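**Student:** Each chain, written out:
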Amino acid sequence: MKLHEIAHARTGDKGDTSNISVIAYRVEDWPLIDREVTPERVARHLGGVMASDVTRYALPQLCALNFVIRGALTGGVTRSLALDAHGKCLASVLLEMRL
Amino acid sequence: MSVVRIGTGAGFQGDRIAPAVDLAERGELDFLIFECLAERTIALAQQARLADPAAGYDPLLERRMRAVLPACARNGTRIVTNMGAANPRAAAERTRAVVRELGLPLTVAAVTGDDVLGLVGDSLLTETGAPARALEDRLISANAYIGVAGIVEALDAGADIVICGRASDPALFLAPLVHRFGWAMDDWARLGRGTLIGHLLECSAQITGGYFADPGVKEVPDLAEVGFPLAEVSEDGTAVITKLPGTGGLVTRATCTEQLLYEIHDPARYIQPDVVADFSQVELEEVGPDRVLVTGGSGHPASGQLKVSVGYRDGWRGEGQISYAGANCVARGRLAAEVVHRRLADLGGRILEERSELIGLDAVAPAAARGAADPSEVRLRIAARCADEEAAERIGEEVESLYLCGPAGGGGVSRSSREIIAVASTLIPAASVSVRVELTERIEA
Chain W
1 MKLHEIAHAR
11 TGDKGDTSNI
21 SVIAYRVEDW
31 PLIDREVTPE
41 RVARHLGGVM
51 ASDVTRYALP
61 QLCALNFVIR
71 GALTGGVTRS
81 LALDAHGKCL
91 ASVLLEMRL
Chain F
1 MSVVRIGTGA
11 GFQGDRIAPA
21 VDLAERGELD
31 FLIFECLAER
41 TIALAQQARL
51 ADPAAGYDPL
61 LERRMRAVLP
71 ACARNGTRIV
81 TNMGAANPRA
91 AAERTRAVVR
101 ELGLPLTVAA
111 VTGDDVLGLV
121 GDSLLTETGA
131 PARALEDRLI
141 SANAYIGVAG
151 IVEALDAGAD
161 IVICGRASDP
171 ALFLAPLVHR
181 FGWAMDDWAR
191 LGRGTLIGHL
201 LECSAQITGG
211 YFADPGVKEV
221 PDLAEVGFPL
231 AEVSEDGTAV
241 ITKLPGTGGL
251 VTRATCTEQL
261 LYEIHDPARY
271 IQPDVVADFS
281 QVELEEVGPD
291 RVLVTGGSGH
301 PASGQLKVSV
311 GYRDGWRGEG
321 QISYAGANCV
331 ARGRLAAEVV
341 HRRLADLGGR
351 ILEERSELIG
361 LDAVAPAAAR
371 GAADPSEVRL
381 RIAARCADEE
391 AAERIGEEVE
401 SLYLCGPAGG
411 GGVSRSSREI
421 IAVASTLIPA
431 ASVSVRVELT
441 ERIEA
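Chains as they are written, first to last, in the UniProt record's numbering: chain W, 1 to 99; chain F, 1 to 445.
Excised from the complex, chain W in its bound form (with noise of 0.2 Å):
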């Protein structure tokens, strides 16, 4: 299963650093997100320089999960010379994980 079947999720960016969050739709799929969604995880599904740094941080109540990833945008928005420089289609890219 591909986790997009039981989350959604949004990346926003501060400079260099990516947040993306990624949430549960119902509450019952709460306990697979927070177990299977490691940061290891996110970091080898990423690859690259996406890999380096990512912290996790997790609320439950909201069956939501927040990633951060320093040194994700090739210098930040005004510097980088990538397509998406603001790294906003990564969340979707993150759903593609199979659960």
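Source of the hints: derived by calculation from the structure; they are not laboratory data. Model, not experiment: these values are computed from the prediction. Incorrect hints may appear among the rest.
Here are some chain W residues pointing at chain F (derived, C-beta under 8 Å) [what the hints assert, rightly or not]: (1) 10; (2) 15; (3) 47; (4) 68.
Note that CB positions come from ideal geometry on N, CA and C, so glycine has one too.
The hints should help you fit chain F onto chain W, whose structure is shown.
**Tutor:** Then chain F, alone, in the frame of chain W:
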């Protein structure tokens, strides 16, 4: 119990104007807030001001004011905005001219003091660890994220329209609540809750169904006419987030949760000028159609330091794109990239950083997440950060020459170059920043 109604008129510089007019006319608002400054916008505004001392404020300021002021004046709705950007005084002057022309009895205030270019020389940049002064003449701006003090002072003095530059985004919303409810500036729990409300509202439609739709999974009704949000705030800092009847979009626990976590990093420590807000125990409850009750926000004492956004010139950026389609398009795209890369070799050290990618294949998703199947078309994109404008121009020139000298079947070239204004961060003591309020005399109708 009195409730303050506060709405969002804009969540970024280019946001739509019609939903703000709708809120001004039908929202029965006490306050309408326009948040128009992204991290990079202020540095670009400073660049505009350097070129023209009368410029540097939001280009849409006049259109926005003209559109909403008649309804705001009629309904007693006061405005707070950071559309002053790099030049709040000029923005207030321009607004005053609109007010006069429309014949409205409104007072306009400018809040200044966020420009700290003269104070940051010795401050160390977070990104490099070097003092700001090491950037020498490349340094063009330094703006502190100021808190609510100046805005509250202006509202207390009777301003109907308060225009500031780089205030923190949630402070634009927190200030009217502090003004109206008289919250103490060491009531950390209430300041945290007001910050929470500001954070939820600051991105306009991002909490009412904008940036949310995922067809088949997350449906959003009438997205094309998505409405902007408003909050009904109680004295204890709890609030209901909602939107106007008849507008598109939706307000649910899910839209509010996405916005709650947007860009905040550690939910227990969302560092703001007036408070370190704590969102870690927030509860969201759907209490009616498009109505979400927000409780559980809190806060801790402010850090005593202000974040400063430093803008500096950082070379030039050149880019060129060309499309390839059909049989073997990926290989032809890769060959085209190789040709351009070799052609640029004579620029040597004038190219500081270069990247090429095939849009539709490897441009956006990180390497680990990419699929293997070949697409039916790709667009080659080559971008480089260069030391000078001429080198940046060469990127597009070389891509354009692929028309006759590159692989088979390339089409649709586009090219561009522009100066890069980079943004870095530092911290300065809050006590070193002096915020000032300039109130113009009331213009009588």
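**Student:** Confirm or reject each hint.
**Tutor:** For each hint, the structure was consulted:
{"no.": "1", "hint": "10", "verdict": "holds (4 Å)"}
{"no.": "2", "hint": "15", "verdict": "holds (6 Å)"}
{"no.": "3", "hint": "47", "verdict": "holds (3 Å)"}
{"no.": "4", "hint": "68", "verdict": "holds (5 Å)"}
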